[in-house]
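Each chain, letter by letter, is given below.
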Amino acid sequence: MEEWKKLEFDNVETTDVLKSAEKLKLSNERLVEMYRTMVKIRLFEEMADKQYAMGKVHGTMHLSAGQEAVAVGTGFAVRKGDYLLNHHRGHGHFIASGADVDRMMAEFLGKDTGYCRGRGGSMHIADVTANNLGANGIVGGGLQLAVGVGLAVQMKKTDQIVLTIFGDGATNEGIFHESLNMAKIWDLPILYLCENNQYGMSANVVRVSAKTPFKARAAAYDIPGYYIDGNDVLAVYETIQEAAEHARSRKGPVFVEAQTYRYFGHSKSDRNLYRTKDEIEYWKTVEDPISRYEKLLVEAGSMDEKTINSIKQEITDEIDKAVVFAENSPEPDVNSVTEWVYA
Amino acid sequence: MPEITYREAIHDAMVEEMRRDENVFLIGEDIGTYGGAFGVSAGMLAEFGPERVRETPISELGIVGAAAGAAMVGMRPIAELMFSDFVLLAMEPLMNQAAKARYMFGGKATVPMVLRLPSGSGTGAAAQHSQSLESMLMHIPGIKVVAPSTAADAKGMLLSAIRDPNPVCFVEHKLLYKVKGEVPEGDYTIPIGLADIKHAGTDITVVSSGIMVQKSLAVAKKLNDEGISVEVLDLRTLRPMDTEAIIKSVKKTGRLLVVHEAVQTGGWAGEVMAVVSSSEAFDYLDAPMRRLAGKDVPIPYNRLLEAAAVPQEADIEAEIRAIVSNQY
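Protein chains in written order, with numbering that gives the first Met the number 0: chain A, 0 to 342; chain B, 0 to 327.
The set of hints was computed from the structure by calculation and includes no laboratory data.
Just to be clear, a hint being listed does not mean it is correct.
Here are the in silico distance ranges between beta carbons for each label pair [unchecked claim]:
hint, chain 1, residue 1, chain 2, residue 2, range
1, A, LYS79, B, ASP20, 42 to 48 angstroms
2, A, THR337, B, ASN325, 38 to 44 angstroms
3, B, TYR187, A, ASP158, 49 to 55 angstroms
4, A, THR337, B, ALA199, 52 to 58 angstroms
5, A, ASP277, B, VAL296, 55 to 61 angstroms
6, B, PRO164, A, LYS79, 23 to 29 angstroms
7, A, PRO329, B, PRO164, 23 to 29 angstroms
8, A, GLY173, B, GLY42, 32 to 38 angstroms
Covered stretches of chain A (chain B as the covering partner; in silico rule of three or more C-beta atoms under 8 angstroms from a C-beta of chain B) [what the hints assert, rightly or not]:
hint, segment
9, 110 to 122
10, 258 to 268
Beta carbons: idealized from backbone N, C-alpha and C, even for Gly.
So that you can see chain A by itself, here it is in the shape it has in the complex (with noise of 0.2 angstroms):
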């Protein structure tokens, strides 16, 4: 906790949401919108837990809670259409991606209706579709992956990017350098959005790293980078939305790391042996995202209290209807199980 305060963050920090919707051009009504959908990435993940805790998960998960401004300023920032790469932790991306939260629930429960119709769990959740290509379970995994896609954007001159979500454990794998020396020699349109909740499941990134922040690797390959709070939702949709322009207008590769932290241990075993209550009490109090966001909307009239209990009150409504549409949903077919191993 100590060591991340020594680093200074590239974005300014959002004091006054007024102005800076008048900046990035945002409605009140988006504004809500993005407090909304992160209102609804936390219940749904409590929820989630709450599944778990009843027994009715047959795998681990990855909770983000307390990551949903990265989620929500990036899923707001980029359009539809283009591709998503995420990791593992990755429930908050795909709401904040516009995903059906039902279909998502059944999945966790491991149902036929679920998006990969219970075959990969939390841990693999995409919507090839929706060009979404996946949650992944390799630390790493999609970074490499998102070279190939970007090469098919290039070779197809469409104006799509290809955004690849990561966590600070990723930045020390050997596929994070080739994937970024790939995407330069290429020029690549792709933004790698590293997001640091601080630990690779119990390693501090500070231990493990031998410089921080990783915007230096990215400059090592000639990429620009920038070094953001990603509990600042205006600051990363901000940043995230001028990374994107950069991609976008075939300048290459961008480089983003938006600083956060989890809430919830690193999956389901996890005791929080490597980290202290109050360190965790301080990101939940002082740091928390959606409680600073909302102070913001507050003071700036865009959201009073009445609203923000509605929204409460319709985002829980909306999460029990999707686990009770999850629990109705039938099983796979057993005698499917041999399915789609190939096409």
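Please build the complex by placing chain B on the supplied structure of chain A, with the hints as guidance.
Relative to chain A, chain B alone:
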């Protein structure tokens, strides 16, 4: 029919398909001006340009990962690795990504890519440039593995592999590159998953693939003059394996020898024997099934040692004689 080399057959298949389908492109190390480490892509850069003959850094994980990613969004990449041994640097994108995407995403992704793998020993390149890794690759559900033995098969199967909607590992034995054979002109394909009787016989079935088919054929022709009738069944595709052809042939001959260059332990000969022993062909066996495979050693450098590490014609001949005379 014109006679061309195995190398030319692969080259022609790539060129013809790239002319036909703009989504096909070649990606790999030194494939441009250099023409590929074994000259297979000679001249292709001039015709198709650097975008479709995409020269990469020395980054095998990068090559295979990029091919998989491009394939997932509608391209049909052909990735060339300089030596099949280097696929070990790229097992992550091959095994965890390309092979599994379709299944784990609930049947919604396709990964139509070809991975060309110059393989095998005999060039004095020793342990890290001479392996036959096809048995290892066959162990991965979601990918197909082919290993053609002739120029005609190489061309027809490469065209099928490029058009196949799945990842296909295309194993090319390096000693076959110079071997000539008659190849039909124009667009013709040989289906993946279909074995071929390269030499019909009645006394014993020899199942093999790639270079070992050529060696087995030489032996079959020699023994034919002595009245030993050897059926050489070229699997051509290792996965999915043409089990029907194996069963049919063994039922006819009553004897089985499996020959491959890949090391014996965990090698695919065991798979062929399992097919026979768990089918009706088992009842037709007149002798124990035998296998002749690479010795369980890394490929050595010295010429004599290298030859001793993998089956040679004399070994195949001796095995066949032993089996048909019940002296195993």
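Right, here's what the structure says about each hint:
1. In this structure, A/LYS79 and B/ASP20 break the distance hint of 42 to 48 angstroms, their C-beta atoms being roughly 28 angstroms apart.
2. Restraint check, A/THR337 to B/ASN325: a C-beta distance of roughly 41 angstroms satisfies the suggested window 38 to 44 angstroms.
3. At about 40 angstroms, the CB distance of B/TYR187 to A/ASP158 disagrees with the hint of 49 to 55 angstroms.
4. For the pair A/THR337 and B/ALA199, the supplied restraint of 52 to 58 angstroms is violated, since their beta-carbon distance comes to about 34 angstroms.
5. Between A/ASP277 and B/VAL296 the beta carbon distance is about 58 angstroms. The supplied range of 55 to 61 angstroms therefore holds.
6. B/PRO164 and A/LYS79 have their C-beta atoms about 26 angstroms apart, which keeps the hinted 23 to 29 angstroms range intact.
7. For A/PRO329 paired with B/PRO164, a C-beta distance near 28 angstroms keeps the hint of 23 to 29 angstroms intact.
8. Checked against the hint of 32 to 38 angstroms, the C-beta distance between A/GLY173 and B/GLY42 comes to roughly 33 angstroms, which is consistent with it.
9. Counting residues of the segment 110 to 122 of chain A whose CB falls under 8 angstroms from any CB of chain B gives 7; the rule of at least 3 is met.
10. By the rule of at least three residues with a Cβ nearer than 8 angstroms to a Cβ of chain B, the coverage given for the segment 258 to 268 of chain A is violated, with 0 such residues.
Of the numbered hints listed earlier, those contradicted by the structure are 1, 3, 4, 10.
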